[in-house]
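K.L.:
Spelled out from the first residue to the last, the chains are:
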Amino acid sequence: MDNDNSVIYGLEFQARALAPQLAETEKIKFIIGTQSLKQANNQIHLVEFNEEISTIKTSVFHHSDGEIWKITTSPIDSLKLSTCYNSVINESSCIMKTAILKLPESENPNTIEELEVATKLDTSLFGNDVKITDFHPTESNKAVSVTENQIVLWDISGSEGKSILNIQLEGKHNPKFTTGKWNPHQNCNQFTTATETHLKTYDIRSGDLAWNIDGVHSQLLRDMDYNMNKQYYIATCGDDGFVRIWDFRQTNQPVFSRTDHSHWVWCVRFNHFHDQLLLTASSDARVLISSAASVSSENNESCITDETDGLETKQMLSDGPLQWCEHEDSVYCAEWSPAEPWVFASLSYDGRLLISRVKKSLKYQIML
Amino acid sequence: MTDKKSNPLDINGPSFNPDMYLEKLFKECTLKQIMDHENEIVKDTQTLHSDMQTLVYENYNKFISATDTIKKMKNDFKKMETEMDLLASNMASITSFSEQINSTLHDTREKISKLSEVHTLLQRLQFLFKLPATLKSRMEEKNYIQATQDYLHAQRVLQQYGDLPSFQGITSDCESILGELKAELRKQFSNPNASAKELTESVDLLLQLDEPPKELCLEFLSCAEKRLSDQLVMLKDQSEQRDIIEFVDLGCSGFLSDLCLVIASFHDMFINRVNAESLENSEIFENFAAVELDSFVKLNMENYFDLVQSKVDSEQDVGDTSILVQALDRFYRRIEGNTLCKDVNFANTATEIVINAGRKQCKAHLQILKMHFADMLTKVRQTLTTPKLISQDDSSKNLNELLSSLIMTVVEKIKGVLQDLVVFIQPEIHFAQKLQFKDSFCVDNVREGLIVCFMHHFTATARSFCSAGAADPKVPPTLLLLLSKLCLDFQNGSVHFLLSQTDELFHINSKQNSALTTESEIKSTMQESAQELLNYFVRIQGLNCSQMLRKSVETRDWLHTIEPRTVRAVMKRVVEDISAIDATVALLYEDQGTATEHSSDSSRKTHSISVSRHQYRSNWSSYTPNHLDSTLVSNMHKLFSERIEIFSAVEFNKVSILTGIIKISLKTFMECVRLKTFSKYGLQQIQVDTHYLQLYLWRFVADENLVHFLLDEILGSAVHRCLEPVLMEPSVVDIICERG
Chain A
1 MDNDNSVIYG LEFQARALAP QLAETEKIKF IIGTQSLKQA NNQIHLVEFN EEISTIKTSV
61 FHHSDGEIWK ITTSPIDSLK LSTCYNSVIN ESSCIMKTAI LKLPESENPN TIEELEVATK
121 LDTSLFGNDV KITDFHPTES NKAVSVTENQ IVLWDISGSE GKSILNIQLE GKHNPKFTTG
181 KWNPHQNCNQ FTTATETHLK TYDIRSGDLA WNIDGVHSQL LRDMDYNMNK QYYIATCGDD
241 GFVRIWDFRQ TNQPVFSRTD HSHWVWCVRF NHFHDQLLLT ASSDARVLIS SAASVSSENN
301 ESCITDETDG LETKQMLSDG PLQWCEHEDS VYCAEWSPAE PWVFASLSYD GRLLISRVKK
361 SLKYQIML
Chain B
1 MTDKKSNPLD INGPSFNPDM YLEKLFKECT LKQIMDHENE IVKDTQTLHS DMQTLVYENY
61 NKFISATDTI KKMKNDFKKM ETEMDLLASN MASITSFSEQ INSTLHDTRE KISKLSEVHT
121 LLQRLQFLFK LPATLKSRME EKNYIQATQD YLHAQRVLQQ YGDLPSFQGI TSDCESILGE
181 LKAELRKQFS NPNASAKELT ESVDLLLQLD EPPKELCLEF LSCAEKRLSD QLVMLKDQSE
241 QRDIIEFVDL GCSGFLSDLC LVIASFHDMF INRVNAESLE NSEIFENFAA VELDSFVKLN
301 MENYFDLVQS KVDSEQDVGD TSILVQALDR FYRRIEGNTL CKDVNFANTA TEIVINAGRK
361 QCKAHLQILK MHFADMLTKV RQTLTTPKLI SQDDSSKNLN ELLSSLIMTV VEKIKGVLQD
421 LVVFIQPEIH FAQKLQFKDS FCVDNVREGL IVCFMHHFTA TARSFCSAGA ADPKVPPTLL
481 LLLSKLCLDF QNGSVHFLLS QTDELFHINS KQNSALTTES EIKSTMQESA QELLNYFVRI
541 QGLNCSQMLR KSVETRDWLH TIEPRTVRAV MKRVVEDISA IDATVALLYE DQGTATEHSS
601 DSSRKTHSIS VSRHQYRSNW SSYTPNHLDS TLVSNMHKLF SERIEIFSAV EFNKVSILTG
661 IIKISLKTFM ECVRLKTFSK YGLQQIQVDT HYLQLYLWRF VADENLVHFL LDEILGSAVH
721 RCLEPVLMEP SVVDIICERG
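For the protein sequence lines, the chains are A and B, in the order given.
The working numbering numbers the first residue of the first sequence as 1 and each following residue consecutively.
The working numbering numbers the first residue of the second sequence as 1 and each following residue consecutively.
Some clues are possibly wrong.
[Stated by the list, open to error] Computed Cβ-Cβ distance ranges for the label pairs, DEER-style:
| # | chain 1 | residue 1 | chain 2 | residue 2 | range |
| --- | --- | --- | --- | --- | --- |
| 1 | B | E428 | A | G320 | 33 to 43 Å |
| 2 | B | T518 | A | T55 | 54 to 64 Å |
| 3 | A | N212 | B | Q436 | 54 to 64 Å |
| 4 | A | K120 | B | D557 | 44 to 54 Å |
Source of the hints: derived by calculation from the structure; they are not laboratory data.
Every residue gets a Cβ at the ideal spot worked out from N, C-alpha and C, and that includes glycine.
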């Protein structure tokens, strides 16, 4: 086990929602949402990791509206977050909802508060299931919700979200969206979704399909992530256990493809700073940091220095797994900290959060 | 003797002494004897006397005639004396007369001799004047030798008196004709019909005519080159129609012999000849000529080799090896037999060509083998996809047969190829003795280039079926299984057999040569690909089952489901599929490493049920009152059980394969359950389903606790995801499951 340099935070409930606080660039903060069918028990935990002394400070909030399936945070407003939650109506029915919540500005250590709802988003018109609500990367008044077959663009400036645009997924056999994500490049006008084994990216201004890659995985496509430093590169993962990186200008073949997990891969993330580091979480109960140095943005630079001066070059990492953390149960989420490039968190289904650091040796190898 | 001769007692001797004779008689003889003797002597004397008389009488006439003759001679001599005197006087007069004549004729004679001199001069002049005409006529008659000789006769004179105006005309005429002559002779060079002898003649003549040898030799070579290149062109044209033996023969008889001839005549004409004539320049010229010749030969041989190479290349595809080898052998012998050039050893180039041919042949064979292998795979694939095979038990035989026939044909095919290639190194083949060829052919081409390469191709092809990028979703999983087994069987037997066969046939000492790919290397790659294929097979089959399970969970509305009455059809289907896979796998893989401590089936069954019941109960009791306990229990369980690798490598036996498939399927089941929310009846349906799976799946795996554990996890997850977690009575579950 490689957990020497990691801190464990245990939750009382099962959980599958984890998000880094994107707008927070000073402190290492993660938000977790629990998943319990006993509605009142559900909580949101704000976990702050103090790297210097390796301690954790947490704030707990109630989320009594339902069990949380997905959390995202606003990249602009550090207090805003969105949840997709399952609200139980009675013993034989429940409904998926989504809302934008706001964290309190000042902490109150004594009581456990309910979070204030910043914007209500009514998705009942667009479908029964809500997969994700994702904030626009640059505009604070926009967000997108993905239901099982529609994409809804909201104006979230008021307390009631107004839908600006909705895009219907079309195809045979009632295809369903799995998840979605903004493209941080191209002036943030594109929204990428995963449906079955395909990637579909829509131009959010017109609602047209911008580009798509079919069959990125042989089984269900679970998650994807954009490389912040290389605008045409997108990583995908899926039920076939593969992690792939695609150059979406050239869609016939992935530029990178590996299978290091022994079960489905649920989550893939590029490190924001060193995009050769790829964080993946899998239901084989492992979190893996792998190198994709051959297709990283740092690859080119090292190549150039290679030719000019052999002494100053750093050795390029070879592709493949570099470090792993083990959990006791399936891991559905893993995230890099946006504040500190060498810290990442992973959450397993049994409610255990692991905040870990990248191995020192590895860190030095990349930095030096 | 002297005594006897001078014996005075011998009456017939010349020194006869009568007194001594008498004295002796008297002394020795009686009277009577003396008397007798006296009578005797008297008688003898009388006979002698009469003899004398007859002699004289007989010769009388002769004496008389002799005397007459002597008299006559006396007269004749007197006459002769007078005639001799007369003769003497006549002779004297003749002498005087002749002297007289001589003196009178002296002047005239001098004139005559002068005249005759003039005459010869004139004759020569006439020859000169006629020379142009003669030359012309000779030219017309094509009697070039005579023409040259004629010219050479006159040449000196012409040179001497060429300045004189009267001769200038002739000289120029001659020269123009000579020019024609030379041109004519040079034309011979380019005349395709001209034999080498004619050529030699022409060159000879031209040399006599003082043509600069350098120029000549260059011209000669260029003409020869033209001819040879014509030959080459012809060869090239022919090369497409003829088979390789004919082609090589044609090349040998045509081009090579011509080249030899050219070289020989060149030697005769330029190199050896000049030596004799002018010693000064000879060495320089000889060097020059030799260099020219060398480069000429090189150039032509290069062209020829190119041509042969291309022919050999083109031959490969259709290739009958023995014919090819025969042709190459002829070619090689011919090249090796001739030393065409001092500096360059064309045998090396020829060897190169032969090596190339060998390499190409190996490559062609490799290609054929590859194609054949691909064909077979397609065939196997087709057989596998035809539905009747998958269904019932005649597939059992077929799969095994298919495997063994696949191995057999591959091995036989390779053996055939080896036999075919052995022709290259048969002892009677000339180039096969060359070490250079042998090394490169046997080791690089046959062993590494063909056999090892094929094995690599073999594994690569097998792997391509499971490589991530190119994986074809339509590949029948049985094919993967078959291929995996194929690799394994190949690794266990055929690799060794084929390599040792190769080493034996081609006399390769594989132990000494470290550069060779070793058997173990190939074996390990085979093993690896077998493993890879098997893993992939497990993955595919697992995913097929998972897919069914996933769809069944995802598409159902678990919140609004009715109370379970039966096991869902999907579960039966999964069990059926797994049984079918089990049957298929059993055909190829032994059931070694059987499940740990399997007791007899019947007892086991009940046991397993009781175990599960117990577990269920313990779990359920805890779930309902408090969730905390339940997670604790499952975590405790995890602490003590080993970590389960879902997509892990499997071993080469049936149980391991089946375990792999089941693990994948059940894990999927669990993950899907976790994504759903269940009502009471939904949960109970899952309960029934898992129990059903438990009843039927344990027998396929090595460690049945694994199945139990996974199924418990599924049910546990379902309980967690249930709005109203109330489980069914186990007895009812039993009844439903037994009902099917």
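K.L.:
Give a verdict on every hint.
P.N.:
Results of checking the hints against the structure:
no.: 1; hint: B:E428 <-> A:G320: 33 to 43 Å; verdict: violated, 56 Å
no.: 2; hint: B:T518 <-> A:T55: 54 to 64 Å; verdict: holds, 57 Å
no.: 3; hint: A:N212 <-> B:Q436: 54 to 64 Å; verdict: holds, 59 Å
no.: 4; hint: A:K120 <-> B:D557: 44 to 54 Å; verdict: violated, 27 Å
When each numbered hint is compared with the structure, violations occur for hints 1, 4.
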